[in-house]
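Start from the sequences and build out the full structure, keeping to the hints where you can.
Going line by line, the protein sequences match chains A and B. Numbering-wise (this note's numbering), the first sequence opens with residue 1 and increments by one. Numbering-wise (this note's numbering), the second sequence opens with residue 1 and increments by one.
Hints were generated in silico from the structure; no laboratory data involved. Just so you know, even glycine gets a beta-carbon here, dropped at the ideal spot from N, CA and C.
Restricting the straight-line Cα-Cα distance to at most 25 angstroms, the calculated cross-link-like pairs of lysine-lysine (DSS-like) are:
| no. | chain 1 | residue 1 | chain 2 | residue 2 |
| --- | --- | --- | --- | --- |
| 1 | B | Lys13 | B | Lys205 |
| 2 | B | Lys40 | A | Lys96 |
| 3 | B | Lys151 | B | Lys249 |
| 4 | B | Lys69 | B | Lys102 |
| 5 | B | Lys39 | A | Lys96 |
| 6 | B | Lys87 | B | Lys102 |
Cβ pair distances, simulated, as ranges:
| no. | chain 1 | residue 1 | chain 2 | residue 2 | range |
| --- | --- | --- | --- | --- | --- |
| 7 | A | Arg17 | B | Leu152 | 44 to 52 angstroms |
| 8 | A | Arg123 | B | Glu201 | 54 to 62 angstroms |
| 9 | A | Gln126 | B | Lys102 | 39 to 47 angstroms |
| 10 | B | Glu25 | A | Thr146 | 28 to 36 angstroms |
| 11 | B | Glu25 | A | Gln126 | 29 to 37 angstroms |
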Amino acid sequence: MHKRLIVPHALFQIMIRRLAHQLIETHHDFSDSVILGLQPRGIYVADRLQQTLQDILGVTVQTGYLDITFHRDDFRRRATPLAPNATHVDFSLEGKRVILVDDVLYTGRSVRAAMDAMISYGRPAQVELLVLIDRQYTRDLPIEATYTGQRVDSQHSQRVEVTWKGPDAGEDAIWLLDITPDQEQPHATA
Amino acid sequence: MQQLSVRHLLGIKEITPQDIQLIFETADQFKEVLNRPIKKVPSLRDVTIANVFFENSTRTRLSFELAEKRLSADVINFSASGSSVKKGETLLDTVNNILAMKVDMIVMRHSSPGAPHFLSRKIKANIVNAGDGTHEHPTQALLDSFSIRQKLGEVAGKKIAIIGDITHSRVALSNIFALQMQGAEVAVCGPPTLLPKFIGELGVKVFWNVREALQWCDVANVLRIQLERQQGKLFPSLREYAMYFGINKKMLDELNKEIVLMHPGPINRGVELTSDAADSHHSIILDQVENGVAIRMAVLYLLASKG
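Rendered as structure tokens:
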């Protein structure tokens, strides 16, 4: 399996900090804004952004985890059931400015499901999308990110992998991998 | 992801401890869904489920129907009273006619033990047994174990006494299988006329004295007296049953330990349980009802994903 480093550790830190500053330009003190990380891997981005915003602004931005399993459109089209993850949204989204956060934007189907799932917690005033990597030209649905860490040209036979210091016991980095069909993972269709 | 080892949920005996674990983990997530402002997900949007009840039921049918609707399935309800069954139609013909209307899953209650097992060999749709005679009621047993797990942290190592009419209960057998499968110690307690003769062969302790059973157990799962299923007089009177096997708050207070009180409902208040016991802090009866919807959502979701 061929594996190419596309975002090394140092650049990763700069990318997160830049995204945090972009959010501040739009959301100021985040008094009406919340972050929702998409399970399973978007929650790491959400946590890191929350921490970075805390360091810069000194405020704790309300952050939740949203699972989209029951809202996916490929249920009953898969060989095995989709494993649900925990959802932790202990605040209402009614009238809030929501920043949906995921690691990789690929087909756009996860984001569609996330918007569907999110509505269960209230009607937001506005919804934005932040992703670390935008796999451009691979969209099945007309969905684009508001904030993007980096755009990447990739093929369907490739996968973008974001590794995190801590949860993955490695280093913050982003990789592009060549894969075989049997290696494809559910979150790779994000 | 792991998947269920079965295409139908016919009884606890047919599934594995891994299946139970998977159902519980999925139900945990559905409990979260049920606490959202909008308690509905589109998972079974393309699935039609028929609730086929050849026997009366209120809470089980409502619980299944709510679970199906929370999953966005299309639901039809069939009850045998006033149907072609009264005109002599066979079970298989009735169900085949329902399936001809493009139904994907059948939730079935029948007075004959083994009826859903028979159907599972004849039809392609997934079947969930919602109670077959005095045999099994698997989703009730699952929600009971799930409620114990929620209250006490785990089922393994806990002592559970099933008290009441064991012979005529479908809940008892499914509970014994489910609890033992998860590593619990199980006992039954009731008058000898309401305990099956060879119940001890299932590896359960037998008590004939309710105070001894309560002293022994961590959880008392009290069953309803099934007067409608009893062929003859199996105890002198309800009053006498209540005196010897009924549980009241005073008995619970006299125990020098905390105990969890369960009942699958409907309660005969003043017979199996007095109101002060049923409504006491020991009781998790309403939690059982709430958990029933989440468990049934999990079962339907996992079976539907098996196609």
